[in-house]
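**Q** Residue strings, one per chain:
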Amino acid sequence: MLFLNDPINFISGWLRGLLTGWGLPGGLMTVIIYFIGITVLIVFAMTLDILLVWVERKVVARFQDRLGPNRIGPFGLIQPFADIIKLIIKEDITPAGADKLLYNMGPVLAIASVIVLWAILPLSAKIFGVDLNVAVLYLVAAGALGTLSIIVGGWASNNKYALLGAFRMVANMISYEIPMVVALLIPTILANTMSVQGITQAQSGMWFAILSPLALIIFLISAIAELGRSPFDLNEAESEIVAGFHIEYTGMKFGLFYAGELLHAFTFGGFIAVLFFGGYGGFFGLEKIGFFSWLNNPFVQAVVFLAKAMFGYWVIMWIKYSMPRIRIDHMLGFNWKFLTPLALVVLVNTAILSKVLVGLPNWGYVLGMLFSNIVIGFITVEILRAYGRKQRKAEAKPAPQSAHNQEQAA
Amino acid sequence: MSIPLSWYLILAAALFAIGLFGVLSRKNAIAILLGVELMLNAVNINLVAFWRYMDPAKMTGQVFAIIVFAVAAAEVAVGLALIISVYRRRKTVVADEIDLMKW
Amino acid sequence: MTADQIIFILCAVVIIVSALMVVTTRKLIHAALWLVAALFGVAILYAVLQASFLAVVQVVVYIGAIAILFIFAVMLTRREMLDKGAQTRSNWWLPALLGLLILTGLVFLIIGQPAFSRTASEIPADVDTLRNLGTALVSPDAFVLPFEVASVLLLAALVGAVYIASDKKK
Numbered sequence: 001m002l003f004l005n006d007p008i009n010f011i012s013g014w015l016r017g018l019l020t021g022w023g024l025p026g027g028l029m030t031v032i033i034y035f036i037g038i039t040v041l042i043v044f045a046m047t048l049d050i051l052l053v054w055v056e057r058k059v060v061a062r063f064q065d066r067l068g069p070n071r072i073g074p075f076g077l078i079q080p081f082a083d084i085i086k087l088i089i090k091e092d093i094t095p096a097g098a099d100k101l102l103y104n105m106g107p108v109l110a111i112a113s114v115i116v117l118w119a120i121l122p123l124s125a126k127i128f129g130v131d132l133n134v135a136v137l138y139l140v141a142a143g144a145l146g147t148l149s150i151i152v153g154g155w156a157s158n159n160k161y162a163l164l165g166a167f168r169m170v171a172n173m174i175s176y177e178i179p180m181v182v183a184l185l186i187p188t189i190l191a192n193t194m195s196v197q198g199i200t201q202a203q204s205g206m207w208f209a210i211l212s213p214l215a216l217i218i219f220l221i222s223a224i225a226e227l228g229r230s231p232f233d234l235n236e237a238e239s240e241i242v243a244g245f246h247i248e249y250t251g252m253k254f255g256l257f258y259a260g261e262l263l264h265a266f267t268f269g270g271f272i273a274v275l276f277f278g279g280y281g282g283f284f285g286l287e288k289i290g291f292f293s294w295l296n297n298p299f300v301q302a303v304v305f306l307a308k309a310m311f312g313y314w315v316i317m318w319i320k321y322s323m324p325r326i327r328i329d330h331m332l333g334f335n336w337k338f339l340t341p342l343a344l345v346v347l348v349n350t351a352i353l354s355k356v357l358v359g360l361p362n363w364g365y366v367l368g369m370l371f372s373n374i375v376i377g378f379i380t381v382e383i384l385r386a387y388g389r390k391q392r393k394a395e396a397k398p399a400p401q402s403a404h405n406q407e408q409a410a
Numbered sequence: 411m412s413i414p415l416s417w418y419l420i421l422a423a424a425l426f427a428i429g430l431f432g433v434l435s436r437k438n439a440i441a442i443l444l445g446v447e448l449m450l451n452a453v454n455i456n457l458v459a460f461w462r463y464m465d466p467a468k469m470t471g472q473v474f475a476i477i478v479f480a481v482a483a484a485e486v487a488v489g490l491a492l493i494i495s496v497y498r499r500r501k502t503v504v505a506d507e508i509d510l511m512k513w
Numbered sequence: 514m515t516a517d518q519i520i521f522i523l524c525a526v527v528i529i530v531s532a533l534m535v536v537t538t539r540k541l542i543h544a545a546l547w548l549v550a551a552l553f554g555v556a557i558l559y560a561v562l563q564a565s566f567l568a569v570v571q572v573v574v575y576i577g578a579i580a581i582l583f584i585f586a587v588m589l590t591r592r593e594m595l596d597k598g599a600q601t602r603s604n605w606w607l608p609a610l611l612g613l614l615i616l617t618g619l620v621f622l623i624i625g626q627p628a629f630s631r632t633a634s635e636i637p638a639d640v641d642t643l644r645n646l647g648t649a650l651v652s653p654d655a656f657v658l659p660f661e662v663a664s665v666l667l668l669a670a671l672v673g674a675v676y677i678a679s680d681k682k683k
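Protein chains in written order, with our numbering: chain Z, 1 to 410; chain W, 411 to 513; chain G, 514 to 683.
Chain Z extracted, bound-state conformation (with noise of 0.2 angstroms):
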């Protein structure tokens, strides 16, 4: 086993051999080394989050026409760092009135919905944390975890406007993650299986953004709705309700909320390389050619794999900086009586294809369901246009004339 080829079981064969040279019972050694293994996923999450924090106002400031941080460090790399100081050495206010423990669980509980996340992560086919099988769930289950950090961290502020930003952001979560789940349940019927590892390997054939390019927009629109930034981000808009659930909190406990936020895009950007882009491998078979052989090396999977995160969660800025915002009843309106039936209409699409495609050869296969996504895409597009059409035939009908004015007029 070299240190290249399988990372994880060599340093943790090297460290059992370590602590059994000091004497110590299985048990508790197993226990050691899965908390150090703990330690590890959860520093590279954090130092990952740092960086984000940098990526983020390149990015924004290069979307508006303008440089962004460069002075601090080159490229202003150290930018983040002077941040975090900053909001360390703040002055940590609890707001009169607030109940002191939920007050300050909810950053924490924010950050511990993402960092829960990591643990499904699939690095590369030997760096993960563990292989859950029923890895898909999971995801939402973290989800849900997250609303209740909002609602606790809403509430315990003591505060009209935060709880008004806290129900409404809960009540955006909940509906998104319908349209969620049901566009996760569509990788799952094509791989056959809820683990993120089977599914990674299901798509050596062909990603699944090809083969259902609609579930990987529902999915984007849902996730970037449940992270709750902009266009859904009523929540914390400014000019509208001032920061929303986190308006009490300063210093490093907002820190956490909006570092929190960022780690958790970048994770939904690893969730969509997952599930829609191949993860860590989906070379379509490249791989298997002998010259490329080093494509299976667990580092350049990794490498590979944080590379398609941040193309995704580049992706999810760019939406984020592009569109305007929209307005509550617009939100949930757009999710039951549009995201919804659609995945679900996706949903039965593909269940149905997936059986009923099995004989054909494999491009067949990709056609039959990219070609059912165009046909569905299309028909879609088209009731959106009738109803469009509609409405404005409504609002453009000259209004009826009342009595007395076509008395006046005649």
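Some hints could be false.
What the hints assert, rightly or not - Listed next, the stretches of chain G that the computed footprint assigns to chain Z, with coverage defined by at least 3 CB atoms under 8 angstroms from CB atoms of chain Z:
1) 521 to 534
2) 661 to 673
As the list claims (entries may be wrong) - Here are a few chain Z residues that sit away from chain G, every Cβ distance over 10 angstroms (derived from the structure):
3) I38
4) L370
5) P400
In short, the hints are calculated from the structure, not lab data. None of these values were measured; they are calculated from a predicted model. Heads up, the beta-carbon is just placed ideally off N, CA and C, and yes, glycines get one too.
Given the coordinates of chain Z, work out where chains W and G should sit on it, guided by the hints.
**A** Structure of chains W and G alone, referenced to chain Z:
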């Protein structure tokens, strides 16, 4: 697995007893529903423990537990809708004060 | 004391303490949050019992939906004086006695049965519980009928809850 089945059953019995105490001794209607939820969870622990310890190949215990999840969710939804509706009319959620039909 | 037993005992302590706080705490919001802790402990217990699907569904359904429903209901029906004063009825010792009696009776029953002190056998490696669960829920000679009836029940609950909770004065 070195945990005897009786440990799970005793835990479930304790949870059930605590839920029962909550239902019978609380004044607020929502707190009564919280007790009911504890009792339903105790039942679920029992079902899943029996599934695991008797015959893990047949899924009867888990399916029963899933149906209990669905029933609990339905009951909480309707129960809380009722409580909110009563609160709108009578401005109270204390179970003792909802006594219009008492004679 | 194997690792399994230590995890079980920790879990059981968390569940029982949280449940006791649910039924005795004065502020209702705290009671709802202690319920979340108890439900989380039960989810961990399901994971120890190797029912992984149920563990995750417990978090999604109970904590992600039911607990949040409770918190919303508490917030929408809150009046300042309700959180002060006694939260339990004045004859609370009677339910406590009843609970203790039921607990003792059940514990005697459980300890008296020698069949209940068995430890679990290993699940054979070729039994895929997740796949079996899926098949059992939709197979005609397994549990498809209760599955469909449960979905009708949920539909009825959905329609009923929306109708009851809607504001009909407008």
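**Q** Next step is simple, just say for each hint if it's right about the structure.
**A** Status of each hint after checking the structure:
no., hint, verdict
1, 521 to 534, "violated (count 0)"
2, 661 to 673, "violated (count 0)"
3, I38, "15 angstroms, holds"
4, L370, "27 angstroms, holds"
5, P400, "25 angstroms, holds"
Violated hints for the displayed structure, listed by number in ascending order: 1 and 2.
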